[in-house]
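**Q** The task is simple: from the sequences and hints, build the whole structure.
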Amino acid sequence: MPIAGDSRKDALPMQDVEPSAPSSVRTIDIINRRLNKRYRAEKRFKRLGLAAILSSLLFLGLLFTSIVSQGYSAFVQTYILLDIHFSRDAFDVSNLAGADYNGLIRKSLQSLFPEVRDRQEKRMLNGLVSSGAPFQIQKMVMSDTSMIGSTRSVWVPADDDVDMLMKGRIDRSAPEAERRLKDVQLGWIDGLRGDLRLKKKFNRIFFTSGDSREPELAGILGATMGSMYTLIVTLLLSFPVGVASAIYLEEFAPRNKWVDLIEVNINNLAAVPSIVFGLLGLAVFLNFFGLPRSAPLVGGLVLTLMTLPTIIIASRVSIQSVPPSIREAALGVGASKMQTVFHHVMPLAIPGMLTGTIIGMARALGESAPLLMIGMVAFIVDPPGGILEPATVLPVQIYLWADSPERAFVERTSAAIIVLLAFLMVMNAAAVFLRSRFERRW
Amino acid sequence: MNFPLLLIVIFVFSQAAYWLGYKKAFFSAGEKGPVHLHSRPQYYGTLTVLWCVIPPLFILVAWSVFSETVLTGLALKTMSEYTGNLSPDEISLLKSDLRNIVSGRFIPPAADAALLEAADHYRHMRDIGRQGLSALALASMILGTIIVLVRIRPGMRARNHVEKMISITLITCSTIAIFTTVGIVLSVLFESILFFQQVPVTEFLFGLKWSPQMAIRADQVAASGSFGAVPVFAGTVMISTIAMLVAAPLGLMSAIYLSDYADRKFRAAVKPLLEILAGVPTVVYGFFAALTVAPVIRQFGESLGLSVSSESALAAGLVMGIMIIPFVMSISDDVINAVPQALRDGSYALGATKSETIKKVIIPAALPGIVGGMLLAVSRAIGETMIVVMAAGLSANLTANPLQAVTTVTVQIVTLLVGDQEFDSPKTLAAFALGLLLFVVTLILNIIALYIVRKYREQYE
Numbered sequence: 017m018p019i020a021g022d023s024r025k026d027a028l029p030m031q032d033v034e035p036s037a038p039s040s041v042r043t044i045d046i047i048n049r050r051l052n053k054r055y056r057a058e059k060r061f062k063r064l065g066l067a068a069i070l071s072s073l074l075f076l077g078l079l080f081t082s083i084v085s086q087g088y089s090a091f092v093q094t095y096i097l098l099d100i101h102f103s104r105d106a107f108d109v110s111n112l113a114g115a116d117y118n119g120l121i122r123k124s125l126q127s128l129f130p131e132v133r134d135r136q137e138k139r140m141l142n143g144l145v146s147s148g149a150p151f152q153i154q155k156m157v158m159s160d161t162s163m164i165g166s167t168r169s170v171w172v173p174a175d176d177d178v179d180m181l182m183k184g185r186i187d188r189s190a191p192e193a194e195r196r197l198k199d200v201q202l203g204w205i206d207g208l209r210g211d212l213r214l215k216k217k218f219n220r221i222f223f224t225s226g227d228s229r230e231p232e233l234a235g236i237l238g239a240t241m242g243s244m245y246t247l248i249v250t251l252l253l254s255f256p257v258g259v260a261s262a263i264y265l266e267e268f269a270p271r272n273k274w275v276d277l278i279e280v281n282i283n284n285l286a287a288v289p290s291i292v293f294g295l296l297g298l299a300v301f302l303n304f305f306g307l308p309r310s311a312p313l314v315g316g317l318v319l320t321l322m323t324l325p326t327i328i329i330a331s332r333v334s335i336q337s338v339p340p341s342i343r344e345a346a347l348g349v350g351a352s353k354m355q356t357v358f359h360h361v362m363p364l365a366i367p368g369m370l371t372g373t374i375i376g377m378a379r380a381l382g383e384s385a386p387l388l389m390i391g392m393v394a395f396i397v398d399p400p401g402g403i404l405e406p407a408t409v410l411p412v413q414i415y416l417w418a419d420s421p422e423r424a425f426v427e428r429t430s431a432a433i434i435v436l437l438a439f440l441m442v443m444n445a446a447a448v449f450l451r452s453r454f455e456r457r458w
Numbered sequence: 011m012n013f014p015l016l017l018i019v020i021f022v023f024s025q026a027a028y029w030l031g032y033k034k035a036f037f038s039a040g041e042k043g044p045v046h047l048h049s050r051p052q053y054y055g056t057l058t059v060l061w062c063v064i065p066p067l068f069i070l071v072a073w074s075v076f077s078e079t080v081l082t083g084l085a086l087k088t089m090s091e092y093t094g095n096l097s098p099d100e101i102s103l104l105k106s107d108l109r110n111i112v113s114g115r116f117i118p119p120a121a122d123a124a125l126l127e128a129a130d131h132y133r134h135m136r137d138i139g140r141q142g143l144s145a146l147a148l149a150s151m152i153l154g155t156i157i158v159l160v161r162i163r164p165g166m167r168a169r170n171h172v173e174k175m176i177s178i179t180l181i182t183c184s185t186i187a188i189f190t191t192v193g194i195v196l197s198v199l200f201e202s203i204l205f206f207q208q209v210p211v212t213e214f215l216f217g218l219k220w221s222p223q224m225a226i227r228a229d230q231v232a233a234s235g236s237f238g239a240v241p242v243f244a245g246t247v248m249i250s251t252i253a254m255l256v257a258a259p260l261g262l263m264s265a266i267y268l269s270d271y272a273d274r275k276f277r278a279a280v281k282p283l284l285e286i287l288a289g290v291p292t293v294v295y296g297f298f299a300a301l302t303v304a305p306v307i308r309q310f311g312e313s314l315g316l317s318v319s320s321e322s323a324l325a326a327g328l329v330m331g332i333m334i335i336p337f338v339m340s341i342s343d344d345v346i347n348a349v350p351q352a353l354r355d356g357s358y359a360l361g362a363t364k365s366e367t368i369k370k371v372i373i374p375a376a377l378p379g380i381v382g383g384m385l386l387a388v389s390r391a392i393g394e395t396m397i398v399v400m401a402a403g404l405s406a407n408l409t410a411n412p413l414q415a416v417t418t419v420t421v422q423i424v425t426l427l428v429g430d431q432e433f434d435s436p437k438t439l440a441a442f443a444l445g446l447l448l449f450v451v452t453l454i455l456n457i458i459a460l461y462i463v464r465k466y467r468e469q470y471e
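First to last, the protein sequences are chains A and B. Everything in the first sequence is counted per our numbering, starting at 17 for the first residue and increasing by one. Everything in the second sequence is counted per our numbering, starting at 11 for the first residue and increasing by one.
Be aware that a few hints might be false.
[Unchecked claim] Computed list of lysine-lysine pairs in DSBU-like fashion (alpha-carbon distance at most 35 Å, straight line): (1) B:437 to B:105; (2) B:275 to A:53; (3) B:33 to A:353; (4) B:275 to B:370; (5) B:465 to A:59; (6) B:370 to B:465; (7) A:353 to B:369.
Keep in mind that the hints were calculated from the coordinates and are not lab data.
**A** Dropping the structure here:
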């Protein structure tokens with residue numbers, strides 16, 4: 017006899033044994049059947065919960081595998097070995113920068129493939145080498161003029177299309193018209209490979225140069241420096257101010273409307289969308305105070321306002337966890353209120369405050385939306401030299417590269433994400449370490 | 011004397027001032043020894059340092075804030091016969107030319123002799139100003155130190171003075187939160203009022219067409235600029251709804267499982283892993299949505315014969331939902347743990363299974379808290395920017411189909427404000443109007459949510 021699963025009956029199984037039940041059905045059977053049903057429901061519910069957790073973990077796994085699988089290859093880069101003859105007549109010693117370095121590379125390629133005569137084919141041949149190679153040669157010559165007149169073997173970066181082919185991200189079997197590299201070029205590349213002149217090496221350029229329109233020359237140094245300057249400004253402003261507010265609110269503030277207003281404000285600011293802070297930065301710091309656009313100083317100011325609530329809330333919790341007996345003991349031996357707080361409460365609360373600050377800094381490091389508003393989204397090649405120079409930051413660099421159409425930028429974006437996540441992991445690990453090492457339970 | 015050198019001098023002198031104040035305190039106590047001082051001698055030193063450092067720093071800050079405006083004004087006065095009949099715009103152009111010449115960045119080709127002369131005058135005045143500044147700063151530093159040193163007596167309440175100053179600093183720091191809120195409100199409100207002078211509020215709130223491109227020429231086709239924001243709101247609502255459909259069940263069920271079913275080992279292993287999801291920067295989610303999720307959804311939809319936009323609302327909403335899962339989870343976890351154990355025990359004593367207890371006792375008891383948490387999550391979803399900027403579209407379609415591209419409030423703010431801005435065009439000002447709306451909506455959601463959560467907590471305390 018199936019019993020309809022009215023919720024009230026389910027909850028209180030003892031009450032719903034119907035008096036008119038036929039005598040052939042024993043009560044215990046009904047209860048057992050219902051029990052089985054209830055246990056099945058219990059199992060179903062438990063599995064549902066487990067499924068929720070597993071699917072969240074699955075998303076996490078997918079996110080990381082997709083990024084790592086796309087990005088790991090950007091840490092190596094294809095280089096071509098060229099024998100470059102630095103002939104004396106190519107250089108004017110008084111004007112080394114004016115020499116035709118591109119010509120040197122073209123000549124060396126020509127000597128590798130003497131059969132190439134056609135103009136268009138020559139251009140395709142030269143296209144195998146990165147447009148940044150002449151600058152590399154120029155730097156070499158300018159740092160060591162003794163090489164003029166000799167022939168040297170130099171590893172120069174290959175064009176991003178060659179790099180993509182070497183990494184298997186260009187499909188050779190696709191029709192020629194749909195491919196970035198033509199059949200002749202594939203032939204040359206295979207030839208170079210056969211001569212061991214094409215090799216994947218560690219991608220130093222990625223870590224030592226700023227942004228570039230050419231994927232093979234683009235690096236994260238500029239963005240990392242920008243992030244560093246921005247974070248330094250944020251830290252220097254938000255830590256003292258946040259700790260000071262927390263101390264005031266926890267230890268000194270009277271209970272009145274004014275202090276309530278401050279508390280309500282802090283709680284609300286913690287939940288204001290980050291982009292609104294960008295609007296504030298644009299209207300107040302840039303338009304009203306006339307601070308320079310794209311500068312880490314302004315970025316740091318905006319991020320300070322954004323991370324302050326996090327730091328204040330964490331610091332307050334940390335101060336609250338110091339037991340009142342500490343304060344009473346200090347006051348008892350004649351310390352003033354200020355001495356009690358700064359000499360006795362603060363040292364015990366500092367680890368918790370630092371933990372909160374590191375977590376706030378990690379959030380600030382990953383933040384990009386408000387920085388778009390204050391112009392830190394510009395294309396900037398040179399690493400910034402100070403907090404007033406135009407700069408961009410790592411997350412914004414990721415955003416910019418993600419928008420670039422070149423295939424090779426996908427792996428660089430992923431690689432930049434890997435670097436950013438590595439920074440975040442280090443910071444969070446530091447916070448966890450601080451918490452476990454120094455935080456006392458009372 | 012240049013700035014860094016001045017700071018170094020002030021720092022070195024402050025060390026000396028500390029020592030002087032310290033010694034003076036001992037000296038003034040005389041034979042009776044430091045026991046007879048009102049405060050410990052360190053406080054006399056600190057007080058001297060404060061009076062030695064604060065006045066010159068104040069002067070330096072004032073100089074760096076106001077010097078440029080004053081100097082530019084003075085320099086322009088020298089060429090008053092030129093500037094007399096210029097419009098304000100031309101004068102501001104002249105000012106920026108002047109600053110460029112002075113800083114040596116570049117010399118505008120149109121610079122005439124009068125401007126160069128004014129620049130020379132500027133530099134001259136600036137050099138005089140800087141010398142005067144250094145002298146003034148150093149004088150105030152020495153004067154402040156001497157005044158304190160002279161007044162140090164055994165009965166001087168140095169500690170109280172120092173503590174008063176620290177206390178003022180603490181209060182100032184804690185009011186920054188209020189100033190930030192005021193700053194946000196004023197900055198968005200001011201520009202929004204300018205916007206609503208050009209575009210009526212009713213059109214903005216109820217208009218069905220959003221195309222903020224303004225005509226550059228009067229006769230230009232299809233660029234009239236219309237600011238009906240309903241399609242933008244609809245897009246925001248749709249993406250947030252998709253996100254909540256993902257995050258609410260997954261987050262709530264995960265929290266329930268972790269708090270009521272999982273053993274301690276499982277909990278200790280899984281909880282930090284799920285919290286990683288909360289620490290991943292949103293730009294990473296955006297990249298994931300645009301490059302991994304969107305193509306998968308598109309392929310899947312097309313294999314079913316549906317037309318899927320490459321910037322579908324579904325992809326952005328799905329990934330945003332994943333981002334919010336840990337947020338929903340941690341709030342639900344708090345709320346569920348706040349339900350008194352006695353309620354659970356009562357339910358178990360009546361013979362209810364775990365799932366029955368959860369469904370019929372814990373969730374109804376925790377409902378206000380859960381609703382509050384969900385509202386906070388919704389406000390997050392509405393304000394989230396990078397995921398939608400990277401994965402949702404720009405075109406404002408008024409549609410209910412999640413496979414099409416829609417746009418959101420945050421996307422529009424970013425596209426309208428990135429790049430060059432003119433602060434008299436409705437196109438730029440529209441971003442601030444959207445910002446105002448975003449701020450007000452999230453503020454209301456937050457206030458309601460925080461109120462509900464607090465009421466709920468009080469109920470069980």
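**Q** Decide, hint by hint, whether the structure agrees.
**A** Hint check:
1. B:437 to B:105: holds, 27 Å
2. B:275 to A:53: holds, 30 Å
3. B:33 to A:353: holds, 26 Å
4. B:275 to B:370: holds, 27 Å
5. B:465 to A:59: Roughly 34 Å between the alpha carbons, so the hint for residue 465 of chain B and residue 59 of chain A holds.
6. B:370 to B:465: holds, 21 Å
7. A:353 to B:369: violated, 50 Å
Of the hints listed earlier, the one the structure fails to meet is number 7.
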